[in-house]
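Visitor: These protein sequence lines map, in sequence, to chains A and B.
The numbering of the first sequence is our numbering, which starts it at 1 and goes up by one.
The numbering of the second sequence is our numbering, which starts it at 1 and goes up by one.
Think of the hints as simulated: they come from the structure by calculation, not from any bench.
Because the structure is a prediction, the values reported are computed rather than measured.
You may find that some hints are simply not true.
What the hints assert, rightly or not - Computed spacing ranges between beta-carbons, pair by pair:
1) Ala389(A) x Ala50(B): 19 to 25 Å
2) Thr412(A) x Asp29(B): 35 to 41 Å
3) Asp166(A) x Ala50(B): 52 to 58 Å
4) Ser344(A) x Asp4(B): 20 to 26 Å
Stated by the list, open to error - Taking lysine-lysine and the DSS-like style, the derived pairs with C-alpha atoms no more than 30 Å apart in a straight line are:
5) Lys23(B) x Lys303(A)
6) Lys57(B) x Lys21(A)
7) Lys282(A) x Lys57(B)
8) Lys325(A) x Lys282(A)
9) Lys377(A) x Lys169(A)
10) Lys57(B) x Lys287(A)
11) Lys325(A) x Lys18(B)
C-beta: ideal position from N, C-alpha, C; glycine also.
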Amino acid sequence: MPPVASRLISLFRKWSIKMTKLNELTIADARDALAKGDLSAVELTTSCIQAMDGAQDLNAFITETPELSLERAAQSDARIANKESRGALEGIPIAVKDLYCTEGVLTTAASHILDGFVPPYESTVTENLRNAGSVMTGKTNLDEFAMGSANVTSHYGPVKNPWKLDDGKDRVPGGSSGGSAAAVAAHLSLGAIGTDTGGSIRQPASFCGIVGMKPTYGRCSRWGTVAFASSLDQAGPMTKTVRDAAIMLQGMAGHDVKDSTSVPMAVPDFEAAITGDVRGLKVGIPKEYVIDGALEEISAIWKKGAEMLRDAGAEIIDITLPHTKYALPAYYIIAPAEASSNLSRYDGVRYGLRVEGDSLDEMYANTRCEGFGDEVKRRILIGTYVLSAGYYDAYYVKAQQVRSRIAEDFNTAFQDVDVILTPTAPSTAFAIGEKMDDPIVMYMNDVFTVPASMAGLPCISVPGGLGEDGLPLGLHLISKPFDEQTLFRAADVLERQANFTAQPKGWEINR
Amino acid sequence: MSLDTDTVRRIANLARIKIEDEKLAPLADELNQIIGWIEQLSEVDTDGVAPMTSVTKMDMPSREDVILDGGCEDKVLANAPSGEPPYFAVPKVVD
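All chains should be built: construct the whole structure from the sequences, respecting the hints.
Guide: Structure below.
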């Protein structure tokens, strides 16, 4: 090719990338453009900062870090220029759920009790992402201590879902990683990290029309992440595409000696697992995932998901997971029990809020009364009760036995299938203020996501389509432990087949 | 099993959370609703089933008992609401 022609092509490429709103790029496209020099990390980050400025009404962030992100973006650009790029995430703006401790940046867990807490250390997952070159844009809003399914329990106020209808109501983004989900859906960052205990990545992904992935328990280190329920908590990516989730997880995962539950296993190449081919893949459809009270359209989209995979060459197999209905009540023993223990550290002595009292005990009780919100208190009390003398066997041990049953169900099913397909959530996003009167009604949001969490399995929510109300609905895939590769492969095909191109609209009006 | 207000007061004390007296009864109702819903677990036959205590099938790793970190008193104390290095301060415990 004559030099003039190649120069013209290069100029055209640069021009066309700049014609796109940079914050709307996928991670994969931004990565390629950054590597070719068509785009700088500072330009990309600036575009996200501008989008964040215009989206204050969503309340997606508790803390924005524009100066820090521009500084890190400039460092990325310097590394790229010096051919010292750290890889796929170099220069990519990522929003961080405010449950990850970040050195020198306020970390709140959306709780009053962590007022003013600035960690002197960095969580392993965010450190891994930094070492992979990514640029943190800020700390996203969440349910207090990740306890909730609607992002309405945050001390910093609810997050609004960027998806709006004409009825003038603001909808919840789901939870607990609601700020992260809203940030990705509204293109405030290219990707975000969430945490998932019983569905906190996948359910908000479904509500906001994005991809949300929870890896196998043990794949990512929990060190430096504010603990809710330690046997369930797991970090995961929230992105615009399945490929982006694979790229992000690559930068997050890995063994960490500081977390004894992180597994000493090599991290495979997740993106390479995306082949577009699911011929012969065995997909299980569990009959127990039909529940009373779920919308008709949930079954419809689930059926459509199975058809899409079948059309792509997968084999659809009916399976049974008999203990499914007991996963949620067992979860509401195990998670609060672990939370009551984990949250005992917030006592007003070493960090965060302190409310004085006449004695040490009174200071503890006053601090925890004022510092914790109602849902957190409720769960601490349930947890304390089920662990207390005389009730431990009847509740806690029983729940652990039921958990074994649930895990056995999955083991049995995975002898016949490679992945399991279910809906992600029993409804589309509901209005802020709804489902607030009865805690159990709120808990039901996670009815389809909790069983896989109880078994520690990798799972992903992919946008499947729109409900009758015009709001997004996710499809949920579960795979065998540490088989994220098959999960990504199947999810990518599902994503292509569903071809979900709808975007939230109307939220910009409230700027 | 059902929680009365005395039980709620007792567990709130165990959890070191102050609950005003007038809030005990409504809180007991709320907690009973949740506990009542949880009790459906009694339908599950768990005879001879081992409680699940570890999610991944791996042995707990062990390492040499050596100090890997430390000497960062200022960092440890930086977020303390009260006290002067090298101490955290709390209300008087012993007369």
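Visitor: Output the indices of the hints that this structure fails to meet, ascending.
Guide: 5, 6, 11
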